[in-house]
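*Asks:* Assemble the dimeric complex from its two separately framed chains, guided by the hints.
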Amino acid sequence: MASSFEISGLSAWYGSRLAIEDMSLSVEPNQVTALIGPSGCGKSTFIRCLNRLHELIPGARAEGKVMLDGENIYDDAMDPVAVRRAVGMVFQRPNPFPTMSIQENVVAGFRLNGRKSRKELEEITQAALTGAGLWDEVKDRLSSPAIGLSGGQQQRLCIARATAVEPEILLMDEPCSALDPVATLKIEDLIMELRESYTIVLVTHNMQQAARVADRTAFLLSENTGDPGRIIEVGPTKKIFTQPEDKRTEGYITGRFG
Amino acid sequence: MQAAPSTRRKLTDRTALVVMALCIILSAVPLVSILIEVIVKGLHAIHGLSFFTQPPPGDPTSKGGGVANSIIGTVLMVLIASVVFIPLGILGAVYLAEFAPGTRLSRTVRFFAEVMTGIPSILFGVFAYGIVVVYMHHYSALAGALALGMIMWPIVLRTSEEMLLLVPPGIREASLALGTPKWKTVLKVVLPSASAGITTGAMLAVSRAAGETAPLLFTALDWQFISYKVTQPISSLPVAIFNGATSAYDPQVARAWGAALTLIAFVLILTLAARYVTNRRSAT
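So the sequences go chain by chain: A and B.
In terms of our numbering, the first sequence opens at residue 1 and continues consecutively.
In terms of our numbering, the second sequence opens at residue 1 and continues consecutively.
These aren't lab readings, by the way, just hints derived from the structure by calculation.
Glycine included, C-beta positions come from ideal geometry on N, C-alpha and C.
Any given hint could turn out to be false.
Unchecked claim - When the alpha-carbon atoms are kept at most 30 Å apart in a straight line, the in silico DSS-like pairs for lysine-lysine are as follows: (1) B/K182 <-> A/K65; (2) A/K139 <-> B/K41; (3) B/K188 <-> A/K119; (4) A/K186 <-> A/K239; (5) A/K139 <-> A/K119; (6) A/K239 <-> A/K65; (7) B/K63 <-> A/K139; (8) B/K184 <-> A/K116; (9) A/K116 <-> B/K63; (10) B/K229 <-> A/K119; (11) B/K41 <-> B/K63; (12) A/K186 <-> A/K238; (13) B/K184 <-> A/K119; (14) B/K188 <-> A/K116; (15) A/K65 <-> B/K41; (16) A/K65 <-> A/K186; (17) B/K229 <-> B/K63.
Said to hold, decoys possible - Going by beta-carbon spacing under 10 Å, a handful of chain A positions derived as facing chain B: (18) R84; (19) Q92; (20) N113; (21) I124.
As the list claims (entries may be wrong) - Estimated spans, in silico, between C-beta atoms of each pair: (22) B/L88 <-> A/D246: 40 to 50 Å; (23) B/P169 <-> A/E120: 27 to 37 Å; (24) B/L88 <-> A/S39: 38 to 48 Å; (25) A/E120 <-> B/I119: 52 to 62 Å; (26) B/P169 <-> A/T242: 36 to 46 Å; (27) A/R118 <-> B/L187: 33 to 43 Å; (28) A/D69 <-> B/W183: 26 to 36 Å.
So here's chain B without its partners, still in its complex pose (with noise of 0.2 Å):
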């Protein structure tokens, strides 16, 4: 027979569960906090689908009115950024894990990648603004793409290395066994092992571009209209929001909330959509 526990044992053990869970609703309560805020007053914001259509009215005092510029400014700017940095990225990783591992270079590299992913943000809109809106004299789409596509392309790059060398050394062989050329073997056989992890980082990439503002004050600025070209100036959400919210005109605070809100949907969509694609691979 075993001796009951003690009264002080008891007591312990029932004191440090309390503490703990108290610990966790303590670190839920900013996080719910803000949700329920953006929820509450985006929602009171977004009066109709016309948020999403139109961009803001001419006078900053009258109500109505929506963020369709921001919204197609942060689109058209992850896009040029995906398209251009993703690649790069998965195109980097593969060398250095499949043709260049533990070599110098790629501990190198490595290395300045995740420094790279440390570095505060608006130091690659600084440098985006060297190299581009120095050059261009005005503002431009395309320097805050870079700016962004800058900040992804280390979390890609380390990322789908990680994935790729997860992939088993035996499958490797198996492919080079049945007198696959290497190219071939990467290309069709590890990449697909490797694409769910892979799509993954790329939609975490994506995501953090998305919600980036110091970067783009000063390369993409702002623009009140709804423009496609990414040789001008552009808004987009992050900005929308800094500049709406630091106003003094009650109707763009109230659209600052609702541009939040949006920005926070559009994360969301991409990060269940990345779930899905990887549920989906893995499955099969």
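Only chain A is shown next, with the shape it has when bound in the complex (with noise of 0.2 Å):
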């Protein structure tokens, strides 16, 4: 069974900004849980505290309740780098390391963080890109750049890179925003089969896509420009696409605004 979190109370600051306000939501091992809402509403912020890459922007911090299994990654004693061990992220713009191989990427958690035979290595690269659904296409040209692929591929080798560290949980930032519809449906694919074995928190744009991939999603919206973001809505996809219970959640997903 793979983890859950339970979020409380989770506020977050950009210098004296509010960005995000007292967000609540619990999030269910082997599920992808959607966050959906207009541009400035907080997702990104919201989804940067859940691996406490938030604090790392200057200025920033974030305060609440977050428990990974039982545990408060916000705990004083908690390290946290060992949280972004077990919290593994895929961002918006594919990010791989520019200076890196394709198998060099996969492995990139392993090569700066520990020790690997190359044996255990080799394996590791082959599980993880067979998982990204990206080894047929580069199996004969692991050790050439990675940023010679095309941008949905480097998304996938990004995805096998989170992937390839076992993560208690996958959070991915917007991953398709920056790919055509063939490349989107490919990680969309991807996701239905990682949530077999992956608890994932979905960032995204597209009310498509959460309607698609997403067994609950949260509605986030910041009322008036500058406000905090806040959930004002989280429920299964589909009574949030079919039966919304607040007002605004119903004026944002038929397309009143946002």
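*Replies:* Now the structure itself:
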């Protein structure tokens, strides 16, 4: 069974500006939880709080409780580096390491943070690339530079890199926003497969994408420009898209704003 | 149908083109003539390999001999300056770009580094004279190396910082999100991504230092024998050119031309080597 998040009272600041306020959400194991909402509603800030990446921006901080399998990752005794090892992340723009080859990228988590034999690294490479649906496309050029791949392939490489270290949860911050429709479809199929072994939190700008892949969906909104983002409504994806309880959710999904 | 351009427009077009071409040719004249002059006179003075292996003869009126003492001096001082000040510059840049970006400290240091690149190089000679030569009571290669290093330092700092800031933030986040500590991210991900640019900046600084004359005149002075002692005066190619060119004896003037060609070749080889390294890095 994969891990789960129990988030309560999470707020985050950039300097003195409150970006998200008092967010609470439970992320169920082996499910895809999607976060939707208009630009500036704090989706990315929220997801970046879940692996303590947010606080690395100068002046930024976060407060609240994020329980990962019963342990608060914001506890004083918690090492943020250890949190980031347990919670993997895929970013908006594909960001393979430009100086490394395809294989070196996949096993970067081990190359940077531990020792493994050559044979183990080869096995990990094949497993992770197969899992990311990229093995057949790149198996003959594992040692060529990663930046030679197409955008969609680079993003699947980044997914392989994040899953190679076997995190407990996978965060995906608009993983398809820089990709064309065909590449997007491949990533979505991949998300459905990854759900078998991982818990996934997916930020998306694209409501259809949330409808297609997510088990549960949360709608975030910052009501006026400058207001902090809040969670307006959470529920099973089908319910959010067919019978939303909140007027504002209904307005957003029917395209009246956002 | 479009009307054909008027004769006046055609004429203006032609005139502008000719004027621009003339400007290009004009600006190339001094450069090319200097190069030709140095190559012709330099090759004439370099009579054989012994030019690079022998010091000048004791008698300034006799022909033969070489500038080995100056080549050794330049290489030695530039080497000492590089070994000490290139790492200092790169480490400083890493701190400014990775650990204190946008802070008052980094803005202040960047401002002073910019000012330092504009300071006339002779002042670095005065500085080295004041803190090394005065205390040691004699001129030395060490004082020369310090003056050259002080010239290289801000160049390396500025170019390295700019190259580090050019590394996309996404690369850093990717590494941090894998659970890599910050220092390891900088060492294994950010620095390799910027290495080509940093190498170019360092080579630029080395070429600049190798050609400096003024700061060496009263720090390293000159020495007509081959010497490897860092606490003693030492010759260098620019100072040898300066002293030789102002000499009354023809053989000394000729050796100065040879030294000039040697210096140009030295800088050219360094630049080409930097290009080669840069291209190979960015190709892989």
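*Asks:* Against each hint, give a clear statement of whether it holds in the structure.
*Replies:* A quick look at each hint next to the structure:
1. B/K182 <-> A/K65: With a Cα-Cα distance of about 24 Å, the restraint between B/K182 and A/K65 holds, given a limit of 30 Å.
2. A/K139 <-> B/K41: Given pair A/K139, B/K41 is violated - Cα atoms ~59 Å apart, limit 30 Å.
3. B/K188 <-> A/K119: Roughly 22 Å separates the two Cα atoms, so the pair holds.
4. A/K186 <-> A/K239: holds (26 Å)
5. A/K139 <-> A/K119: holds (16 Å)
6. A/K239 <-> A/K65: holds (27 Å)
7. B/K63 <-> A/K139: violated (67 Å)
8. B/K184 <-> A/K116: Within the cut-off at roughly 17 Å; holds.
9. A/K116 <-> B/K63: violated (66 Å)
10. B/K229 <-> A/K119: violated (52 Å)
11. B/K41 <-> B/K63: The given pair, whose Cα atoms are some 15 Å apart, holds under the 30 Å limit.
12. A/K186 <-> A/K238: Holds: A/K186 and A/K238 sit about 22 Å apart, inside 30 Å.
13. B/K184 <-> A/K119: With Cα atoms ~24 Å apart, B/K184 and A/K119 stay inside 30 Å; holds.
14. B/K188 <-> A/K116: Holds, at roughly 17 Å.
15. A/K65 <-> B/K41: violated (78 Å)
16. A/K65 <-> A/K186: violated (34 Å)
17. B/K229 <-> B/K63: holds (27 Å)
18. R84: holds (4 Å)
19. Q92: Hint on A/Q92: holds, closest Cβ of chain B at ~8 Å, below 10 Å.
20. N113: holds (6 Å)
21. I124: violated (13 Å)
22. B/L88 <-> A/D246: 40 to 50 Å: violated (59 Å)
23. B/P169 <-> A/E120: 27 to 37 Å: Given about 31 Å between the Cβ atoms, the range holds.
24. B/L88 <-> A/S39: 38 to 48 Å: Because 44 Å falls inside the window, the suggested range holds.
25. A/E120 <-> B/I119: 52 to 62 Å: Taking Cβ atoms as reference, A/E120 and B/I119 lie about 55 Å apart, which means the hint holds.
26. B/P169 <-> A/T242: 36 to 46 Å: holds (39 Å)
27. A/R118 <-> B/L187: 33 to 43 Å: Distance hint for A/R118, B/L187 is violated at roughly 22 Å.
28. A/D69 <-> B/W183: 26 to 36 Å: At roughly 29 Å between Cβ atoms, B/W183 and A/D69 fall inside 26 to 36 Å, so the hint holds.
Going down the numbered hints, you'll see the structure goes against 2, 7, 9, 10, 15, 16, 21, 22, 27, while the others check out.
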